[in-house]
Amino acid sequence: METLSSLADGFAIALTWQNLLLALLGCFLGTIMGALPGLGPSNGVAILIPLAFTLGLGATPSLILLTSVYYGAMYGGRISSILLNIPGDEPAMMTCLDGYPMAKNGMAGQALSLSGIASFVGAFFATWGLIFLAPQLVKIALLFGPAEYFALFALAFMTLGGVSSTNQAKSAFAAALGLGLAMIGVDTQTGVPRFTFGEVHLYDGLDFLVAIVGLFALSEVFIFLEHRHGEADGSKSRLNIGRLTPTLSMLKETTPTMARSTVLGFVAGVLPGAGASLGSFISYSFEKRLVDKKKTFGKGDPRGVAAPEAGNNAAAGGALVPMLALGVPGSGTTAVLLAVLLSLNITPGPLLFSQNPDVVWGLIAALFIANFMLLAMNIPMVGLFTRLLMVPPRILMPIVAMVSFVGIYGISGSSFDLLVMIGFGVMGWVLRKLDVPLVPIILGTLLGNSMENNLRRAITIDNGNWFTLIDSPLSIVLWAIAIIGFLLPVFFGRKVKSRMHERGDEEGSITD
Amino acid sequence: MIFNATRVTLAAAILGLSAMAAPAQDFTPENPECIAPANPGGGWDFTCRQVGKSLQDQGLIDKTMQVVNLAGGGGGVAFAEVVNKRGDDNDLIVAASSATATRLAQGAYPGNTTDQVRWLASIGADYGVIAVAADSDVDTLPALLDMIKADPTSVSVAGGSAVGGWDHLKVLIAANAYGIEDVRQVKYIAFDGGGEAVTQLLAGSVQAFTGDLSEAKGFVDSGDIKVIAVLAPERLDGEFAEFPTAREQGVDALGANWRGFYAPGGMSDAAYDSWVSKIGDLYASDEWKAVMEVNGLAPLDLQGADFQAFVMDSVSQIQQISREIGIIK
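Chains A and B supply the protein sequences, listed in that same order. Sequential numbering from 1 applies to the first sequence in our numbering. Sequential numbering from 1 applies to the second sequence in our numbering.
The shape of chain A in the complex, shown without the other chains (with noise of 0.2 Å):
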């Protein structure tokens, strides 16, 4: 009953023309970064990042702004996904499976609408587990010491490579640079600087904010200028949408998947690290072997439509639970939220619950807000969404770098990080062009330092005795899942790899 009246605050909070606007702002722009291939959540947050600091917000509009964003682009993603075989991001992959052949037999507009009906259910029956979740996790967030936390990082990392992505030694290449990047800066355990080369603006290390727009933003603007004409452009064959509305009987068909899926895909988004990728993945899958019976997965089932979308937007609010309640985000994009919050002066955690209910409640109210909004949008919009996806880049582009100079000189007002920010945009292209991960790196980054001080501290505390983290019940679950959410992938991941690998496309190297 608690939860209900907190929760009716958090309406009272949201349910403002301000917040009103923001929110539906933040899923029509959200929506669209979905859509276009190559802008996945983490981007789209990222790239809107400078916009609310820009704007001057406070702390809660600013995240129900980028939170309605972040659930926006998962919507989003499925529409090319169906539309055009190329997933508008990574979680949207498995959906371009069963979404493309559906399409192809004239069914795009059903597809589109089941897909976004499945979505709703995903994300509003997910957004209710983050309400009742995440504040039993902070009740019990006083079992985690130095060194559960330090085990639960290295959860994070080790499952991050999983299922989603295509060279598990270069997602541990990009964490291991993202943790390498971490150390630059005074350590606070210590107070020596390290790798600062004695300049000043290195001693507090590199701001999170400016590697994400660097990495994720300014590199997709460089990858753009080098193919200078989106291959996207000549691909559109007018597809014939049909009919816009799902029948009965197909949603009465596909009722059970989305029930099992959701759930699925919460599981997936609540273990930290994995992510929406991973609920997708799981949730198709598992109905495949499921109800696959006549072998129509793969030939237009709309089951393998609603399975994926329901999995990988219940993930999204999967994702949320660990780093509203912990303070360790769930997937890559909940870690560029966590660095928003960070430099919004909130510290996530445990102490949030009590300290700032009206960011965590008015969030949670503006995700209700957000969803039935994102559900209005995409059924009776969704033609609106899919003349979109044929904005040339060559405009959108230069959008995309004006807002990420402004906006990331308007934070700090500091010329040597617009520096930071081109070094990040660079590197971004180049690894990009390895077929290197991005998200590992913000993760490494964001987490590193916290990773390496609960370490330090757990071994101090213990007078240099490195038993001390297998030392609880706790530590040694959590040591347990990361182990075989690591080796799991290496066994079986590779049937599974080939299968995504052979959806992907070039932009698949920004997994969430």
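By construction, these hints were calculated from the structure, which means they are not laboratory data. For glycine and all other residues, C-beta sits at the position ideal for the given N, C-alpha and C. Hints are supplied without guarantee of correctness; some may be wrong.
As the list claims (entries may be wrong) - Lysine-lysine pairs mimicking DSBU-like chemistry, simulated, CA-CA at most 35 Å apart:
| id | chain 1 | residue 1 | chain 2 | residue 2 |
| --- | --- | --- | --- | --- |
| 1 | A | 294 | A | 252 |
| 2 | A | 104 | A | 288 |
| 3 | B | 187 | B | 217 |
| 4 | B | 187 | A | 139 |
| 5 | B | 63 | B | 329 |
| 6 | B | 63 | A | 139 |
| 7 | A | 139 | B | 226 |
Said to hold, decoys possible - Non-contacting residues of chain B with respect to chain A, defined by C-beta distances greater than 10 Å in every case (computed):
| id | residue |
| --- | --- |
| 8 | 58 |
| 9 | 61 |
| 10 | 138 |
| 11 | 179 |
| 12 | 187 |
| 13 | 192 |
| 14 | 195 |
| 15 | 223 |
| 16 | 314 |
| 17 | 320 |
| 18 | 324 |
Fit chain B to the given chain A structure using the hints.
Chain B alone, transformed into the frame defined by chain A:
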């Protein structure tokens, strides 16, 4: 046109002359500016904005104080900017605190020293506290320090600043005052901010907490922790009066996280005196007492030469302790 331009220049020159002549008697900042060496929202930002607003409210300055956030290097970016580029700016003041003095003392602003700027005045202090969990067996500061004396590995003290930072030094000052010779034995665990440190105190990972009164207050109100010592010269007023000082428990340790300002090293004496008296007037006002109460600031009334001496003293004290624990050589 030429004639006009000449006239304008002449007029400007005369105006300029009179403007330059005036401050010799009574300096008034034309475009008062305050640099907050951190992002909006922190303590330094608060110092600039609150003082700027109060100065204007009370008519001590005519124009709105412009607040510039110049974050980076724990204040080092701003310090270097003031020393290198704005060395003779009479309109500029910069927010500072114990953290500034600590970093200067430990040479954490590369190439910069305390005497490169002029220290103006303090506006209050946040006294250090040492606390334990509410259900802890320890009730007094000597009891905690005895435990450390007997077996240093048995007590972990958590604080929100880095090793060698102000929260750490406070414990060491207390330990030193109690006669613990080798303060390096004291086990200090650095967390990211006081909130996280208190969380770990409640979780039982650590046994004691060192921090500022203002950050501990919320947790005392919620009944989670008990304050066993305030590092103030005498008991504080109001609701803080229940906390015992370290001094009355026989541990002669003081630790104030002061807040105040410095000005560029080349600021004219007239401007310096004027700023000192403005901030002094502000400090003496009833309005400022109210601001201090709301924000948990305790009295620390030092201006001009007194403040300069206070900062120099605390820098040399910090240097001495930092040398003992091996942070600096």
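Cross-check of the supplied hints:
1. Between the alpha carbons of residue 294 of chain A and residue 252 of chain A the distance comes to roughly 18 Å, so the proposed pair stays at or under 35 Å and holds.
2. For the proposed pair residue 104 of chain A and residue 288 of chain A, the alpha carbon gap of about 21 Å is at most 35 Å, so the pair holds.
3. Taking the CA atoms of residue 187 of chain B and residue 217 of chain B, the gap is about 24 Å. The hint holds against a cut of 35 Å.
4. With a C-alpha separation of about 28 Å, the suggested pairing of residue 187 of chain B with residue 139 of chain A holds against the 35 Å cut-off.
5. Proposed proximity of residue 63 of chain B and residue 329 of chain B is contradicted: the alpha carbons are some 46 Å apart, above 35 Å.
6. The suggested pairing of residue 63 of chain B with residue 139 of chain A is violated, with an alpha-carbon distance near 50 Å, which exceeds 35 Å.
7. Using a Cα cut-off of 35 Å, the hinted pair residue 139 of chain A and residue 226 of chain B holds, with the two alpha carbons roughly 22 Å apart.
8. Interface exclusion of residue 58 of chain B from chain A stands, the closest Cβ pair being 28 Å apart, more than 10 Å.
9. Distance to chain A confirms residue 61 of chain B as a non-interface residue, since its nearest Cβ pair spans about 24 Å, more than 10 Å.
10. For residue 138 of chain B, the non-interface assignment is confirmed: its Cβ lies about 17 Å from the closest Cβ of chain A, beyond the 10 Å cut-off.
11. Against chain A, the non-interface label of residue 179 of chain B holds: every CB pair exceeds 10 Å, the least being about 23 Å.
12. Once the 10 Å rule is applied to beta carbons, residue 187 of chain B is inconsistent with being away from chain A; the minimum gap is 7 Å.
13. Separation of residue 192 of chain B from chain A is inadequate, the least Cβ-Cβ distance of about 7 Å not exceeding the 10 Å criterion.
14. For residue 195 of chain B, the shortest C-beta to C-beta distance to chain A comes to about 5 Å, within the 10 Å cut-off, and the non-interface label is violated.
15. Taking the minimum C-beta to C-beta distance to chain A, about 13 Å, the non-interface status of residue 223 of chain B holds against the 10 Å cut.
16. For residue 314 of chain B, the condition that its CB be more than 10 Å from all CB atoms of chain A holds, with the nearest at approximately 17 Å.
17. Look at residue 320 of chain B: its CB is around 16 Å from the nearest CB on chain A, clear of 10 Å, so calling it non-interface holds up.
18. Distance check on residue 324 of chain B: its Cβ is at least 15 Å (rounded) from any Cβ of chain A, clearing the 10 Å threshold; non-interface status holds.
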